[in-house]
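Residue strings, one per chain:
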Amino acid sequence: MASSGNGRPIRGIWPGALLLLLALLAPLALNQYYQSFLLQVFIAIALAQAWNLISGMTGYVSFGHAAFFGVGAYVGALFLTWGVPWWFAVFSGAAIAALLAVPLGMLTLRLRGPYFAIAMLGLNEVGRIMATLWVSVTGGGSGITLSPKLLPSLGVEYFSALVLAFGATLLVARIYRSRFGLELRAIREDEEAAEMMGVNTTLNKVIVFVLSALIPGAVGAVYAMYTTYIDPDSAFAGARNIEMIVMVLFGGSGTVWGPLIGAGLIMIMREMLWAQFPAAHLALLGVLLLVVVLYLPGGVVSLARRQRYLRPDARKSGEAPPP
Amino acid sequence: MELLQPDILLQLLIGGLLAGALYALLACGLNLVFGVMRVINLAHAELMLIGAFATWVLYNFFGLNPLVSALFIVPAVFVLGYYFQRVLIERVVDRPMLTSLLATYAVSIILINIGLLVFSADFRSVPALQGSFVFGNIAISEPRTIAGVVSVALTVGVYQFLERTRLGKAVRAVSEHAQVAGICGIDVRQIRMLAFGLASAMAAAAGVMLSIIYSFWPGSGVDFIQKCFAIIIIGGMGNFVGALYGGILLGVVESFVGAFISTQWGEAMAYLLLVTVLLIRPTGLKGAPRG
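Quick note, the sequences are listed as chains A and B, same order.
So that you can map any letter, position 106 of the first sequence is 106 in the numbering used here, and since no number is skipped, the others follow by simple counting.
So that you can map any letter, position 126 of the second sequence is 126 in the numbering used here, and since no number is skipped, the others follow by simple counting.
Don't read these hints as lab results, they were simulated from the structure.
Keep in mind the model is a prediction, meaning the values are calculated, not measured.
The reader is advised that the hints may include incorrect statements.
Unchecked claim - Now the stretches of chain A that chain B is said to cover, found in silico as 3 or more residues with beta-carbon under 8 Å: (1) 30-42; (2) 75-87; (3) 107-113; (4) 168-175; (5) 283-296.
Claimed, not checked - Example chain A residues on the side facing chain B (calculated, C-beta under 8 Å, incomplete): (6) 117; (7) 133; (8) 135; (9) 279; (10) 280.
Said to hold, decoys possible - Simulated restraints on C-beta separations: (11) 26/A with 176/B: 32 to 42 Å; (12) 189/B with 163/A: 49 to 59 Å; (13) 142/B with 280/A: 47 to 57 Å; (14) 118/B with 229/A: 23 to 33 Å; (15) 280/A with 87/B: 53 to 63 Å; (16) 120/B with 83/A: 55 to 65 Å; (17) 227/A with 72/B: 46 to 56 Å; (18) 227/A with 125/B: 30 to 40 Å; (19) 264/B with 179/A: 23 to 33 Å.
From the three backbone atoms N, C-alpha and C, an ideal C-beta is built for every residue, glycine too.
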């Protein structure tokens, strides 16, 4: 069991490589508008994969994950105004978001049940309020404007977002196939049984939680460079918080491809709706979420490959499927 | 320190108790639903806002006194909750908690954004009741007193219903062990619908009371649901009386911290209390450990 999956060819490696190639070549063919749009899709994919790591893999729903994005955005923007290189700002955003996740995870994840979900529920809101009140550092409601001199070109931002989206997806794929991923899914299915089998549940949950905070931290910093201006409402946007969750569930939670597909589809829908009707867009996301939760718990991915996605590991390693 | 006078302390205490009573009314409904069907209703605060906006509409367009409109709104929301349980929550009751959390989260997103489409993001208030009661050196605002007293009365009323009546006993039996209750001949589905209707009605009543003392907008629910969760974790999840104590405790603590330190710290107390209880006694002050 320990090496389950290692040595098997990775399913989906060819479509993945093709998508990556297209994304790498896209800037040559596309104008600024489409490059910008793709960049936002990459940001969405990275965020969705981050949420997928904690909530899709372990079943612990994080209702405030966008807070780590906001922290990353603020840390990145502040570091940039202090004149550090852009890549260092991105690393710092990731590092500080991850550091914040350690005590938070240790506090809420040692408990089973809904405590984690409840504790995370207001986190994004807490971040927004802190960014508004802590005027001496964050500039309060007037936000932080980044001078273009400090920033890399759109191309660099495009590729950093692409690297984050690709890296996050790869991380999910690696974890999914590893023993660690197996342990996480064991926690999701039956935490008590997992513990009985010798899985260190709390440690595993905290590790994956910190990983899932690291990605939004980095993404937030890239976002700050891309928009050149952040304020509490844009960095800690409630809509982003909702979108992260809906993208994963719509695509297929706990899978490698689901969040990618979900993020792509939701971003296209958002591009068509958001500018005119933000409230209608969010209400629609709510309806979508409800429909998926009730009628399609496996997301779009499960529609496409219902047979192969049900218990891929059990079949390949010759185990008896659970009754 | 001029705040440390008996009159002022008493005033703060009464203010805190009255605010806490409103929290308790809201949190007890949430905890009732959790106790009976192990579902955390993330849309609970939006049910409260339905009550608040209904009061606002009736007051603004028909000039109806909020205490009169409560007589229509609360039963109407009871019926709404009753059927809401039947149509939606019943489908997710026996699924993993993740499912019901996400389903009710979706409902809250839908309600908030419909609220934004209909009422916009402006703050509303229902200034129907004004003035204050003065006893010696203590003055308490009239709407706050009414809201607090009505909230206590309703919470105690529901508690008495649960403790004293046969139907209430059935509700408690289902929350103790649904399967055994079913074997004993209790219609579990029916009881769940009743419990959800009751909780919704309590939320709507809290909404009516909220509307006469605070201003609100469709997004106000977040602050309240946050406090409710702090309260039910402090009091013990699924424990009706625990939520009552927790609510009053939070109200009083907020009132004192708000006066002695700052209002913002008062608002943050819910989170701090929550974290403290999670660290020291995760099952809550009155909760028994559950599997």
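Evaluation of the provided hints:
1. Restraint check on the segment 30-42 of chain A versus chain B: 0 residues with Cβ-Cβ distances below 8 Å, three needed, restraint violated.
2. With 0 residues having a beta carbon nearer than 8 Å to a beta carbon of chain B, the segment 75-87 of chain A misses the requirement of three or more and the stated coverage is violated.
3. For the segment 107-113 of chain A, the proposed coverage by chain B is satisfied: 4 residues have a C-beta within less than 8 Å of a C-beta in that chain, meeting the threshold of three.
4. Coverage of the segment 168-175 of chain A by chain B is violated in this model, with 0 residues showing a Cβ closer than 8 Å to a Cβ of that chain against a need of three.
5. For a cut-off of 8 Å, the count of residues in the segment 283-296 of chain A with a CB near a CB of chain B stands at 8, and the three-residue condition holds.
6. About 6 Å separates the beta-carbon of residue 117/A from the nearest beta-carbon of chain B, less than 8 Å, and the hint is met.
7. Here the hint on residue 133/A is kept, as its CB sits about 7 Å from the closest CB of chain B, short of 8 Å.
8. Hint on residue 135/A is violated. Least Cβ distance to chain B is approximately 13 Å, over the 8 Å limit.
9. Because the smallest distance between the Cβ of residue 279/A and any Cβ of chain B comes to about 4 Å, under 8 Å, the interface hint for this residue holds.
10. The criterion of a C-beta within 8 Å of any C-beta in chain B is met by residue 280/A, whose closest approach is roughly 7 Å, and the hint holds.
11. Roughly 60 Å separates the CB atoms of residue 26/A and residue 176/B, a value that falls outside the hinted 32 to 42 Å.
12. Range check, residue 189/B to residue 163/A: Cβ separation about 52 Å, and the 49 to 59 Å hint holds.
13. Our hint of 47 to 57 Å for residue 142/B and residue 280/A is violated, since their Cβ atoms are close to 40 Å apart.
14. Checked against the hint of 23 to 33 Å, the C-beta distance between residue 118/B and residue 229/A comes to roughly 32 Å, which is consistent with it.
15. Between residue 280/A and residue 87/B the beta carbon distance is about 23 Å. The supplied range of 53 to 63 Å is therefore violated.
16. At about 43 Å, the CB distance of residue 120/B to residue 83/A disagrees with the hint of 55 to 65 Å.
17. In this structure the supplied range 46 to 56 Å holds for residue 227/A paired with residue 72/B, their Cβ-Cβ distance being about 48 Å.
18. In this structure the hint that residue 227/A and residue 125/B lie 30 to 40 Å apart at CB holds, the actual value being about 35 Å.
19. In this structure the supplied range 23 to 33 Å is violated for residue 264/B paired with residue 179/A, their Cβ-Cβ distance being about 46 Å.
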